[in-house]
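Colleague: This is what each chain is made of:
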Amino acid sequence: MIKIIYEKCNLCKNCIESCPFGAIEIKENKININEKCTLCGLCIKNCPEQALYKEEKEIKIDTSDYKGIWFFAETREKGISSVSYEMLSACLKLKEKLNEEISGVLLGGDVSSFASQLIERGCDNVYIVENEKLQTFKEQTFADAFSKLIKKYKPSIVIAAATMIGRSFIPFTAARIKTGLTADCTDIDIDEETGLLVQTRPTFGGNLMARIICKNHRPQMATIRPKIFSPAEVIDGKEGKIIKENIEIDIEENVEVIGRERVENVVDLQEAEIIISGGRGIKAAENFSLIRELAGLLGAAVGSSRAAVDSGWIPYPHQVGQTGKTVKPKIYIACGISGAIQHLAGMQTSDYIIAINKDPDAPIFKVANLGIVGDVFEILPLLIKKLKQIKGG
Amino acid sequence: MRIVVCIKQVPESLDVKIDPETKRIVREGVKSIINPYDTYAIEEGIRLKERFGGEVLAISMGPFQAEEALKEAIAMGVDDGFLLTDKKFGGSDTLATSFTLSCGIKKTGNFDIIICGRETLDGSTGQVGPEIAEFLKIPYITFVSKIENISDNIIYCTRLMEDHYEKVMAKLPVLITVVKEINEPRIPSLKGLLKAKKAEIKRITADQLGEDERFFGQDGSPTRVIDVWTPEIKKEGKKIEGEPEYLTDEIIKQLKTLGVV
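Quick mapping for you: the protein sequence lines, in order, are chains A and B.
Each residue of the first sequence is one higher than the last, beginning at 1 in this note's numbering.
Each residue of the second sequence is one higher than the last, beginning at 1 in this note's numbering.
By construction, these hints were calculated from the structure, which means they are not laboratory data.
Just to be clear, a hint being listed does not mean it is correct.
[What the hints assert, rightly or not] What follows is a list of derived Cβ distance ranges for each label pair:
(1) B:246 to A:237: 51 to 57 Å
(2) B:51 to A:261: 20 to 26 Å
(3) A:99 to B:50: 56 to 62 Å
[To be verified] List of simulated lysine-lysine pairs, DSSO-like, C-alpha gap at most 30 Å:
(4) A:151 to B:253
(5) B:253 to B:198
(6) A:385 to B:253
(7) A:178 to B:253
[As the list claims (entries may be wrong)] Partner residues aside, some chain B positions facing chain A, computed with beta carbon under 8 Å:
(8) 190
(9) 191
(10) 195
Idealized CB from N, CA, C, for every residue including glycine.
Generate coordinates for the entire structure from the input sequences, incorporating the hints supplied.
Modeller: As structure tokens, then:
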């Protein structure tokens with residue numbers, strides 16, 4: 001809490017003016033800080049009399065016991081998910097400055113055979129927990145195994161991809177260990193002076209960026225957005241240790257997965273290299289066939305704006321934007337999307353954006369690298385025809 | 001059935017800037033609203049009450065003005081509103097927030113289902129729901145797109161994963177986080193608005209929770225924001241007009257440069 005030394009305060013009101021949250025007021029001729037205070041500390045900096053200070057009562061742990069850079073190696077039915085190699089790549093970046101060993105963690109029913117792929121790409125160790133209770137992904141069992149492993153080996157850093165799996169069970173894991181977790185980072189680095197993990201993430205829909213640290217708790221945990229780091233490549237002759245752990249999963253299993261249902265064409269928007277999205281300008285459900293055909297030709301995933309979902313033209317899992325998915329493909333092609341701020345928040349960090357819209361003033365053009373002022377119903381069929389000709393030889 | 005919905009008041013517009021000189025957040029005349037994801041949570045809570053009977057409460061943590069958000073929830077059909085408010089809660093990160101909310105939920109009594117939006121508009125971490133579940137030691141299901149049924153103390157739902165839906169069942173009490181697809185939030189009725197106007201939001205302070213106060217607010221938050229800035233808008237785009245023939249050629253030229261054609 002911010003404390004006031006009343007003897008020093010001369011009621012100059014500098015603190016009141018400096019407070020972005022309107023949390024400081026004068027009550028009974030005294031400075032009073034109310035519940036709007038976020039402890040940002042600007043009032044302390046702006047007080048000429050040094051009459052304000054921050055009182056810290058935080059519980060501290062001995063951080064020197066904690067060593068090692070860990071990542072959760074996410075697996076899918078087909079094997080290791082490519083985001084796992086991206087996480088490994090992020091760990092390799094940290095290792096350059098921190099010089100601690102990198103360990104990958106594999107959890108599942110039958111995952112041992114994947115360990116060598118992690119080692120050859122740069123892992124010093126791979127921890128494997130195999131258990132039939134981990135056969136299908138369930139938050140509680142995964143978090144139980146992962147938190148026990150972390151408590152036993154005490155890594156200093158633990159990262160995971162900010163996929164639905166990562167975003168779903170990593171917070172539960174962090175709460176179990178009672179440590180900090182930064183969501184959805186777009187960069188991580190080591191502060192060379194302190195050795196702390198510096199985590200960068202967008203907030204306020206990407207309008208602000210924040211750097212975050214976790215000073216007195218361990219491990220320092222973060223989820224990292226997919227498609228930020230390029231997957232780690234095979235390093236010739238790299239060797240590492242495989243450690244099989246027998247961890248008893250004794251959490252009461254109160255959740256049961258009883259079925260699965262594929263979503264047509266959703267090929268994982270967050271992993272896609274190219275996304276073609278349709279919006280209000282597509283005008284009808286059947287016209288999404290144009291988007292699908294173009295996507296098929298380019299090996300792209302199909303996205304949409306909120307307007308198209310709300311009109312019932314395409315199911316919700318395709319929605320990109322604030323109330324849908326946040327994506328960062330190499331190429332994003334927006335077709336008939338005006339570019340409401342809610343949509344831009346979900347795609348504006350894409351590497352290259354092509355926008356097709358007949359309204360030259362559409363806000364989508366503000367974020368587009370290539371803006372095409374034209375009718376999607378003229379442009380798309382012609383584009384498809386030309387791409388087919390190129391493909392055909 | 002007793003249902004608790006967790007909500008947060010957020011700024012309506014995310015179009016905030018940081019003054020590079022003072023480092024202050026510039027938010028001129030920004031209205032506050034209920035986090036949009038939480039409106040689906042409120043709606044689902046009310047629907048569950050309508051289907052299975054019982055009571056639905058809303059709880060929030062924030063400054064006094066967050067009472068408006070709770071009143072709006074009451075206007076939609078929630079029975080009662082609770083606000084955790086205390087300057088000791090200031091500077092909370094997700095861990096401290098979920099701890100505080102879990103204490104507040106326990107304080108309001110028993111519960112069968114806790115419903116949260118999948119994330120907030122401003123922070124977008126999506127961490128508070130799962131973290132509350134851990135503090136309450138109950139199972140949880142994220143990204144729920146449909147509640148099929150609740151019978152014999154078991155909930156059956158559909159949840160959205162990256163490229164598929166899962167049918168999941170869980171024993172009550174349970175915490176779920178919901179996605180937009182789950183429902184269409186209702187507009188408050190006139191009767192609801194009148195009820196909200198008269199409703200009294202119950203305030204809960206840190207002392208009333210009877211916990212070690214080092215777990216609240218900034219002291220209870222392992223993470224610290226050390227720097228905030230406005231990212232520069234990087235796009236150096238070009239906008240072209242002309243005949244479809246020319247425009248499509250330009251697209252293809254660009255796709256070739258990008259190495260995908």
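Colleague: Take the hints in turn and mark each one as holding or not.
Modeller: Now the hints, each set against the structure:
{"no.": "1", "hint": "B:246 to A:237: 51 to 57 Å", "in the structure": "53 Å, holds"}
{"no.": "2", "hint": "B:51 to A:261: 20 to 26 Å", "in the structure": "23 Å, holds"}
{"no.": "3", "hint": "A:99 to B:50: 56 to 62 Å", "in the structure": "60 Å, holds"}
{"no.": "4", "hint": "A:151 to B:253", "in the structure": "54 Å, violated"}
{"no.": "5", "hint": "B:253 to B:198", "in the structure": "64 Å, violated"}
{"no.": "6", "hint": "A:385 to B:253", "in the structure": "15 Å, holds"}
{"no.": "7", "hint": "A:178 to B:253", "in the structure": "52 Å, violated"}
{"no.": "8", "hint": "190", "in the structure": "26 Å, violated"}
{"no.": "9", "hint": "191", "in the structure": "27 Å, violated"}
{"no.": "10", "hint": "195", "in the structure": "26 Å, violated"}
Checked against the numbered hints given earlier, this structure breaks hints 4, 5, 7, 8, 9, 10; the rest are met.
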